[in-house]
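*Asks:* The residues making up each chain are set out below.
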Amino acid sequence: MSVFLQPLQTVTVGSGGASTVTFTSIPQTYTDLVVMVSARTNRATYALDELVMTFNGNSSSVYSQTNLDGNGSSAVSGRITSTTQFTTTFATADGAATSNTFSNSTQYIPNYTSSNYKQIISDATIESNVSSFGYAINTLRAGLFSSTAPITSISWTGIGGQLDQYSKFSLYGVLRQGI
Amino acid sequence: MYPIATTTVGSGGVSSITFSSIPQTFTHLQLRGTAQSTGGGNTYCVLSFNSDTTSSHYNDHYLTGTGSTVVSGADVGTVPGMAYNNITYTTSFGVQITDLLDYTNTNKYKTMRSITGYDANGSGQVNLHSGLWLSTSAITSLTVSVASGNFASGSTFQLYGITTA
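Keeping their order, the protein sequence lines are chains S and L. Using the working numbering, the first residue of the first sequence is number 33, and each one after it goes up by one. Using the working numbering, the first residue of the second sequence is number 10, and each one after it goes up by one.
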């Protein structure tokens, strides 16, 4: 058994799709969390969709994030403050993305049981194979969850549509030396 | 996270390395590496799968910081694989961590995500690369090539398998 990246929970969306994916009862015995996401939604018109992420079911204005995005031709950095969710993960979307394309992202959440505010960093790529949407988005995002509560659950919802079949969310625990 | 295979380039260098017969028992793959070229200029790596080097089967994109500017660009159907991991012939080795999610899923085209970079005390860059292989085939082998020259001695690549709960 690997203790470097311990598999904790996995959700693979079945036929019919899913409006939300949630990891609940996250063990409090690790130091960090890692989530890998391969996702697609049925959002119409567009080639990509943002996935809203919240911790502990908290939809108060306790989220903020800083973004660095590239679309294959230009790059931009932006910031969102005091909002009700993270948008650090993406999905391809049925509206325009080539069939069978899915996003690829990893989110790293250190010290998730701490009584301090929680940081998250995310790197995500969306390859849609559609020229009118710039084919792709590459994004690096850092976020702050301004809550002292340990993270016990994480949820994702597509902004523009529900998650498609075969979307996969993999949760891992990371142990530090000595545990 | 389980080690599958490791390759270290010996003296004389090689133009490519291949991991073949990749086990189909994991959910995700991660390729880690450090690489340097033997050519006389900056170059990049090219990642291809299952011996497919048809350029029209691959797209790739990048977000790059050079220490002074940030740029984003693309290669769409023009490279016989996914161009990524810019490397040099200097003393600095380029570093990469590359993730391939759901590599056995035959309902998905395969998307690559890679963090790469190098610093050479006065020059360097950091990159987020993405790539798309327009195939639903499970990945059974992967090849990393260098676009010009060879991989220099001491370049190393390690392939890991990642399971899910």
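Since the hints were derived computationally from the structure, they do not count as laboratory data. Predicted model only: the values in this text are computed from it and were never measured. Backbone N, C-alpha and C fix where the C-beta goes; we use that ideal spot for every residue, glycine too. Possibly wrong hints are sitting among the right ones.
Facing chain L, according to a computed beta carbon distance under 7 Å, are these residues of chain S, among others [unchecked claim]:
#1 Val66
#2 Asn88
#3 Gly104
#4 Ser106
#5 Asp126
#6 Gly127
#7 Gly192
#8 Gln194
Sample of chain L residues at the chain S side, in silico, Cβ under 7 Å [as the list claims (entries may be wrong)]:
#9 His70
#10 Asp111
#11 Thr115
#12 Leu141
#13 Thr173
*Asks:* Sort out which numbered hints this structure fails and list those numbers smallest first.
*Replies:* 1, 2, 5, 6, 7, 8, 11
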